[in-house]
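If you read the protein sequences in the order shown, they are chains A and B.
The numbering of the first sequence is this note's numbering, which starts it at 94 and goes up by one.
The numbering of the second sequence is this note's numbering, which starts it at 619 and goes up by one.
Read the hints as simulated data drawn from the structure, not as lab findings.
A virtual CB, placed ideally from N, CA and C, is assigned to each residue, including glycine.
Do not take every clue at face value.
What the hints assert, rightly or not - Covered stretches of chain A (chain B as the covering partner; in silico rule of three or more C-beta atoms under 8 Å from a C-beta of chain B): (1) 184 to 197; (2) 211 to 217.
Claimed, not checked - Restraint ranges, calculated between C-beta atoms of paired labels, are given here: (3) B:833 to A:208: 50 to 56 Å; (4) A:179 to B:774: 39 to 45 Å; (5) A:100 to B:800: 28 to 34 Å; (6) B:833 to A:179: 47 to 53 Å; (7) A:233 to B:925: 40 to 46 Å; (8) B:860 to A:223: 51 to 57 Å; (9) A:176 to B:860: 32 to 38 Å; (10) A:223 to B:858: 18 to 24 Å.
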Amino acid sequence: MATTYTLEVDGQRFTVDVVETGPERYRVTVNGRTLSVRLLPEGEVVPVAEAAQPETRAEAAERPAVAGAVTEVRAPIPGTIVSVEVQAGQVVKYGDTLLVLEAMKMKNLIRSPREGRIARVHVQPGQSVMHNDLLITFEG
Amino acid sequence: MNGVTFHQLLQGITHVTPGSLVMIAAGCVLIYLAIAKDYEPLLLLPIGAGAILANLPLSPLTGEDGLLTILYDAGVANELFPLLIFVGIGAMTDFGPLLENPRLVLLGAAGQFGIFGTLLLALLLGFDLNEAASIGIIGAIDGPTSIYVSNLLAPHLLGPIAVTAYSYMSLVPIIQPPIMRLLTTRKERRVRMPYTQRTISRRTRVLFPLIVTLVVGTLVPMATPLIGMLMLGNLMKESGVVERLTKASTEEIANIVTLFLGLAVGSTMRADTFLRLDTLFILMLGVLAFGLDTAAGLLFAKFLNALSRGRFNPLLGAAGISAFPMAARVVQRMVQEEDFENFLLMHAMGANTAGQIGSVVAGGVLLALLGAG
């Protein structure tokens, strides 16, 4: 789950989204710019990777440095599961389609927030889900 | 066989005019768009067929007791068909996303700016006030509202206006995205907004259509027919006690009326009234109206974004129009292109239903301003 902070530096406001991607590793989005950040033992924050060009597609910049702590995929909006594209044990890449959720008669692709192996699929086609219902868990 | 009977035998061919051929071709284009491109087929196919049937030489269908004449008199001239369609739309619409996030109603108001912008431009192009208002209402991006208003203010322009409104409605996914990209930054397009799950009680859902009808009907009496029918449909849906009527409104009645309305509107595409420079202007002003609506909605949403210190995604402004659910889908698609973990569909749907109410109110305001009725 992303945590959002609003920081004020020298009178300028920044919206910061922090997602834990691994042990002491975070994906930090500051005003739309995404950085992968590793927390050093001294407590010093050092960027590990930064998007080379801010205008390149988000996926490349946002890919976590290691497969890590995002272990669940939950329903972003209520709807009906139309199809499940993965099964337990399958290895997926960042951005792979996991399942299709139909809401308000629109089919929405739920794509993988990380790479890793699927531990369990909690829903099946035809099932109605509420907001935040557990859809998929990853191993590790 | 003498010359007279021979002439009578060939009167179909001798009555073909260049104008009617052009209109038959236009009807074929509409049917092509419906079948090959899937552009609003439920409307464009009957409209195209109506245009062809009305322009065949000496077509008995448009005679005094012809089917097309009867349909036109029965449901278009007196506004019956668009109003019946509205009952069905109301019964199909879920105002839940709007009730969960009521501030979205502001976007539904902003999305109507194109009506007034287009009206002014139409006046500049030399249309009179009633005609300009009818053309402006294309900016409501709502077929039945366009038919309703233009039939009261400028019935002679009904054909071109209805055809423009319905053809462009299917072009929403093509017209909107370039404007959306132009007016927002990438950072703005990537603003995430969590889905605010708020359970809307049945009582609220039932009271909503009643209250909207009472408030809007009192403030804008000219909007009562449209908003009243829209909300009647919604009341039937939300009450849950008249499922048969709800089903009939959304299926049987809506289907029958759509067919009748399409044929009748198509039959207004006659060469003498359609093949004029005005029609070309209306087509141009129509696309402008769509663009202005989108731009106004986006700019207003950018203002909300500034007010909320960057926590409101300005793309939602493009959903504050009546084209439902196309506009909301266009917004969600673009949001996902930028960030596949961002789901603004529910917010967009809320803004979109607000746009439906907004366009009906705007239609009523226009009629009231021009003293029609």
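A quick look at each hint next to the structure:
no. : hint                       : result
1   : 184 to 197                 : holds (count 3)
2   : 211 to 217                 : violated (count 0)
3   : B:833 to A:208: 50 to 56 Å : holds (53 Å)
4   : A:179 to B:774: 39 to 45 Å : violated (59 Å)
5   : A:100 to B:800: 28 to 34 Å : holds (30 Å)
6   : B:833 to A:179: 47 to 53 Å : holds (49 Å)
7   : A:233 to B:925: 40 to 46 Å : holds (42 Å)
8   : B:860 to A:223: 51 to 57 Å : violated (27 Å)
9   : A:176 to B:860: 32 to 38 Å : holds (35 Å)
10  : A:223 to B:858: 18 to 24 Å : holds (20 Å)
The structure shown violates the earlier hints numbered 2, 4, 8.
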